[in-house]
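Could you slot chain B onto chain A? The hints should help.
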Amino acid sequence: MLSRWFDKRIRYLFVMPALIFVIVMMAFPILYTFRLSFTKWSMSATRPPVWIALGNYVSLLFNDPRFWGAVGRTFAFTLVAVAVETVLGVIIALVLNRETRGQNFIKTLFLLPMIATPVAVGMVWLLMFEPSIGVINYLLGALGLPQGLWLASPSQALASLIMVDVWQWTPMITLIVLAGLASLPREPFEAAIVDGASRLQTVFHITLPLIKPTVVAAVILRTIDAFKTYDIIYTMTQGGPGFATETLNIYSFVLGFQYFQMGKASALLMVFFALVLGLAIILNWLKKPLAV
Amino acid sequence: MKRLLTALMVITILVAMSFSVLAAEQPFKGTTLRIVLSNHPWTDAIRPLLSEFEEATGIRLQVESLFEDQLSQKLLVEFASGTSTIDVFMQRPLQEAKQFQENGWYTDLRPFAEADQDIDLDDFFPSALLAETVEGVLTGIPIVTEQEIIYYRKDLFEQAGISVPTTMEEFEAAAAHFHDPENSFFGFVSRGQRAAAVTQFSSFLYSFGGNFDVDGVATLNTPESIEAFTYYGDMLRNYGPPGVLNMSWPQALAIFAQGNAAMYTDASVFYSNMLDPEQSDVGELVGFAQFPAGRAGSRPYSVVSWGISMAQTSKNKEAAWEFIKWATGKEITLAAQAGQVPSARTSAWENPEGVKSFPAQLVEVIMASSEGSMPYDRPNVIGVGEARDVVGTVIVTAIEGGDVAAAANKANRDYQAILDREK
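Chains as they are written, first to last, in my numbering: chain A, 14 to 305; chain B, 2 to 424.
In isolation and in its complexed conformation, chain A is listed as follows (with noise of 0.2 Å):
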């Protein structure tokens, strides 16, 4: 009788811990900080949050310089990082593809960088860039180049955490794209070689249209992963020097955890995953076409 039951209903049964834990895990959350970002609240326990509309969207849309300062270097540092990332992984993945002695060696310390954990990257490069005792400017000095104050200066931090950003996750994009150059087939390169074709025009009209779909897979992957990004910011700079790295996801933070004002945060992660969303369905339409 019951295992009649279990047995008619079993395909979603199969399910039911998948779907259980998404909509613990990730439904509720949204839908609990969607409603959240309409009210006023510092996670009080004698005081309920308090209903206010669209007031945390209105202050942080027309009121709030730090909010579009936020919006626009998160913008500026997906975009450098991840094209950087990118010409310099799929630069990378080609000469690595090249069967040469020690290939396995040189593969496995190229992505030694993406296993590190975050934070401790960051407290690594925070002391070598540190300006007057860290390695960097010692190296440069040495070279007799002019040194930088890199984290410390309000202009040349977002740069210096691309840099970071560029560092460790470039062997990502690699590791895609050779995978995506194992699989290609031989016979148009061997066409090529007959037909006369240069190294460098096989690479441009062969390699890199057959390898298009995976170098496009990795950038969209890159830059949902690149556009909220924390962990380095926050060690390094957290946010600062004033305002200069305050990305959307750091901003958020300070508004819930320092401001207490867990309404005007509710509302700025809405608009993020508003924008994440809009980007990733963005990048899916731009994949369309190039994929073919």
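Since the hints were made in silico from the structure, they are not lab data. Backbone N, C-alpha and C define an ideal beta-carbon position, used for all residues, glycine too. Please note that the accuracy of each hint is not assured.
Output of the computed footprint for chain A on chain B, the stretches with three or more beta carbons under 8 Å from beta carbons of chain A [said to hold, decoys possible]:
hint : region
1    : 97-109
2    : 245-251
3    : 327-340
In silico EDC-like pairs for lysine to aspartate or glutamate, Cα to Cα no more than 16 Å straight-line [stated by the list, open to error]:
hint : chain 1 : residue 1 : chain 2 : residue 2
4    : B       : LYS326    : B       : GLU115
5    : A       : LYS53     : B       : GLU319
6    : B       : LYS331    : B       : ASP123
7    : A       : LYS53     : B       : GLU423
8    : B       : LYS30     : B       : GLU372
9    : B       : LYS424    : B       : ASP216
10   : B       : LYS331    : B       : GLU103
11   : B       : LYS411    : A       : ASP77
12   : B       : LYS331    : B       : ASP124
Frame of chain A; chain B shown alone:
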């Protein structure tokens, strides 16, 4: 037979009663308290003494200690959930007391203290208790106090024949004299990071005759305040190390401790880091001096940096009070102060045992600093995090050499908005 039974029963009851009398000396035997502390010299000082408390009371202590930022976040998340099992926690009254009280996260300790004279509240600095009192509620018992002082290099000042600065003019002249950036040696170092700098800037603000606000009116753009911002910014830009904008105390202290700066202004608690040969190359060479006098005299802050509190959600409040009373009692306070933790108890400061571990010069400076000192080192509002960022932007502008007056005007408007919101 019946008699025998009765007699047995009587004896049993008597024995049981005498046991319960014994047990009454340890009324909380078997209780477990969850205690969350900060990684602070105070915690290090009392940790070895905790087993004494456990033996004397039969209470079991479950102690966690975290770095201060993580501690704040843990408290927030646990208390906001409403199901926290924390009984006792360390907190920073100036940073958190108002907001935590507003959120109903504290148990008022005043009724406990009034019912239990052992704590002897009169022994605490009155200003320290005031710092822990929000709307009449005693939110915690102060355990650590600090003042802003000047750390300077005794050896260099002696060599140069310069006396230790007592005014802002002499302070700047001394910084200019020692500043030698070609050789990576700087006249002055202090914090430059937006929010972190605000507390150490506050003494400059007060000494120039400024303040964050007066009677609910923001005063960040008064001529006195602007002068203070400009002075602090100029000092760090002209005589400070490069990269000061990204410096909180660990970075600034490191520059001084590695022998790369002549003067450093920060909280008095860091003297033990300076003297520790593992953290500092300048140990014996460090001198301590009172904060320099500006137009309004020498007005450093003198604050309670840490207190210990009882959570509203604690299910063992009586036992928790027992622990708080023990940990802040005269005996333990004296022991902690002997471990180089400046306390808020008069008795510990008057006891020679209590000041033995402090350099004599430092004790003099701490005592002198109490005169004319200010009881807070940051904007005294609920939204203190936000207010610190507002004030911090002006400091950053000043260090960068930007338009201080314009930045101060904008900050004043933003700060007034925070003040108005809380009225």
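For this session: With a cut-off of 16 Å on the C-alpha distance, tell me whether LYS424/B and ASP216/B pass.
Result: 11 Å, holds
Exercise. Taking 8 Å as the C-beta cutoff, is the stated coverage of the region 245-251 of chain B by chain A satisfied by three or more residues?
Worked result: With 4 residues close enough to chain A, the hint holds.
For this session: Please count how many residues of the region 97-109 of chain B have a CB within 8 Å of a CB from chain A and say whether that reaches 3.
Result: holds (count 5)
Problem set entry | Proposed proximity, GLU319/B with LYS53/A (alpha carbon, max 16 Å) | Given pair LYS53/A, GLU319/B is violated - Cα atoms ~35 Å apart, limit 16 Å.
Exercise. Given the hinted pair LYS331/B and GLU103/B, is their alpha-carbon gap at most 16 Å?
Worked result: Given pair LYS331/B, GLU103/B is violated - Cα atoms ~30 Å apart, limit 16 Å.
Exercise. Are the Cα positions of LYS30/B and GLU372/B separated by 16 Å at most?
Worked result: 45 Å, violated
For this session: Starting from LYS53/A, check that the Cα of GLU423/B is at most 16 Å away, please.
Result: 14 Å, holds
Exercise. Straight-line Cα separation of LYS331/B and ASP124/B no greater than 16 Å?
Worked result: Judged against 16 Å, a Cα distance of about 9 Å means the pair holds.
Exercise. Taking 16 Å as the top limit, are the C-alpha atoms of LYS326/B and GLU115/B close enough?
Worked result: Holds. LYS326/B to GLU115/B sits at ~12 Å (cutoff 16 Å).
Problem set entry | Within 8 Å of chain A (C-beta), three or more residues of the region 327-340 of chain B | violated (count 0)
Exercise. Taken at face value, is the distance from the CA of ASP123/B to the CA of LYS331/B at most 16 Å?
Worked result: 12 Å, holds
For this session: Below or equal to 16 Å on CA atoms is what counts here, so check LYS411/B against ASP77/A.
Result: 13 Å, holds
The structure is inconsistent with the numbered hints 3, 5, 8 and 10, although it conforms to all the rest.
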